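Enquirer: Chain by chain, the residues run as shown.
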Amino acid sequence: MLMNRRQFVQWTAASAGVAALNGCATTAGGAAGRVVVVGGGYGGATAAKYIKLWAPNIDVTIVEPNPYFISCPISNLVLGGHVQLKDISLSYEQLQQRGVRIVRDTALAVDAATRTVRLASGAVLSFDRAVVSPGIEFMYDQIPALQDVVNRSRILHAWKAGPETTALRQQLEALPNGGVYVIHIPMAPYRCPPGPYERICQIASYFKEAKPKSKIIVLDANADVVSKKGLFLAAWNGLYKGMIDYRPNSELVDVDVKTMTVKLAFDDVKGDILNIVPPQRAAGIAATSGLITANNRWCGVDWTSCESLAVKGVHVLGDSTLAANAMPKSASMANQQAKVCAAGVIALMQGEAVNTDTMMMNTCYSFVSGDMAMHVASVHRYDAAQKTLLPVAGSGGVSVEASAAEAIYAWGWARNIWADALT
Amino acid sequence: MKIVSALWRCLYLLVGLCLMNSAVQVWSADAQLGNHQSLNHQTPNAQYARSLAATCFTCHGTEGRSVNGVPPSLAGLNKDYLLKQMQDFREGKRPATIMHQHAKGYTNEQLDLIAAYFAAVSPGRAIAAPLAR
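Protein chains in written order, with our numbering: chain A, 1 to 423; chain B, 1 to 133.
It is worth saying that the hints were derived from the structure and are not from the lab. Predicted model, so just to flag it, every value in this text is computed and none were measured. Note that beta-carbon positions come from the ideal geometry of N, C-alpha and C, so glycine has one too. Take the hints with a grain of salt, since some may be wrong.
Stated by the list, open to error - Every beta carbon over 10 Å from chain A, so not counted as near; a handful from chain B, in silico:
hint : residue
1    : N108
2    : A119
3    : P123
4    : P130
5    : L131
What the hints assert, rightly or not - In silico DSS-like cross-links for lysine-lysine, where the CA-CA straight-line distance does not exceed 30 Å:
hint : chain 1 : residue 1 : chain 2 : residue 2
6    : A       : K229      : B       : K104
7    : B       : K79       : A       : K229
8    : B       : K104      : A       : K387
Unchecked claim - Cβ-to-Cβ under 10 Å is the rule here; a few derived chain B residues that face chain A:
hint : residue
9    : T58
10   : C59
11   : G61
12   : V70
13   : P71
14   : L77
15   : Y81
16   : Q85
17   : I98
18   : H100
19   : G124
20   : A126
21   : A129
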């Protein structure tokens, strides 16, 4: 590190100040304050890292039940047979080396009045501010047959990367040539808008190579393809011509597991594999902590700091939030929100002004095959009058076409967003 | 001059050893951050510039240091060069898959702050996140 004398003097003085603060921390349990982060996914891990990076003297603890991080982005490529789950399973080790404490446990509720988080093990963690990034849970109450956990072991969602991803891949491998794969897509909003359509491409790429007589039936609750429509249709009508039967406005009523039938409002559809992506809402801790503000599903936040609109001192980010206009539930967005949240948490803990000119961008790549990808991008800016983020006029857009070059960028995106969260 | 710089080095080392572990963390964070933003108390403008540059970190790596250099690292690039690229993306003079769409999302003043931020970061390559064992 190069430094002139003036910088050295400033540095010494400032470091001594930090050391003094930390000296108190060891006795008083965190003079610079303590943050508990619920969830170690794209939102929580990134928020924890940036609080530590930008304010090293704040004590940061993540509560996460999984021993390692598994990436939802890229997980559709596991279904296509192009990567394995272990390739997208990443260690928390470097985040711990940075000074972030990770408690392997499940957070049950955040109590802002006592400033504590209650854990499944019975432990209680105290905080000055909490960050809640719990992701989504499935609304099984809307699909009667799937309230039965045994049925859920046959009819998979694979919408959280992990064991279900591997299990769905095994179902696809066991499928005879000529077998039918049926996917049901819930009404938006749901996690990862282009995800279902990318999954269809990935499974088609596998069928094309290994099971050319097999077919894909897409039952979409939405009136049309939700994201990157032209680009996905180009893949379905080009690379995978004749393999995909797309049926919009397919409202799910129930499934019959014995006969492997999807029951729609006006039709029954049989398949050999049923992949039902249920409707979603903010994960359970959002409700037990009083953070849900919209439609009994999502958490409203102040987008300048991600502080909850319902509970002061608690910040919420990621897929569990009530999205602003044109804001997708994506890893990219969670990453951006995490930095806004980190800066907001630090400013509020240090009694400084919160930046109100919030900017966020989104970049989502989708793979149409093993080595071709395309993107959707957007830039959002906080509007003080409307108190929300709005897309910047003239910015954003989608790829001209899927390409091998964008597949390289998509992998670059993945490796950088992983490092941005976990190193 | 050699003796003077050696003396300074000794002094750094001494102070580094004397400070408590948090200060050592600051030291290492400082080294990683290119020595311009590791300390907590920043001017509002510096924090604003940091918040803008942080929107680029998602794809270009923390502090603009990209894992494997794809997409390219931004850390340590010349400010005028960075500004020119963003202007060229915006105007379609430099072909792009995605950057023209992002460049149009920021004002000139914001781009100026972003370019100055990355120009002040020391260049380097990010370490990839390790696979779980």
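Enquirer: Which numbered hints turn out to be false for this structure?
Expert: Violated hints: 4, 5, 7, 14, 15, 16, 19; rest satisfied.
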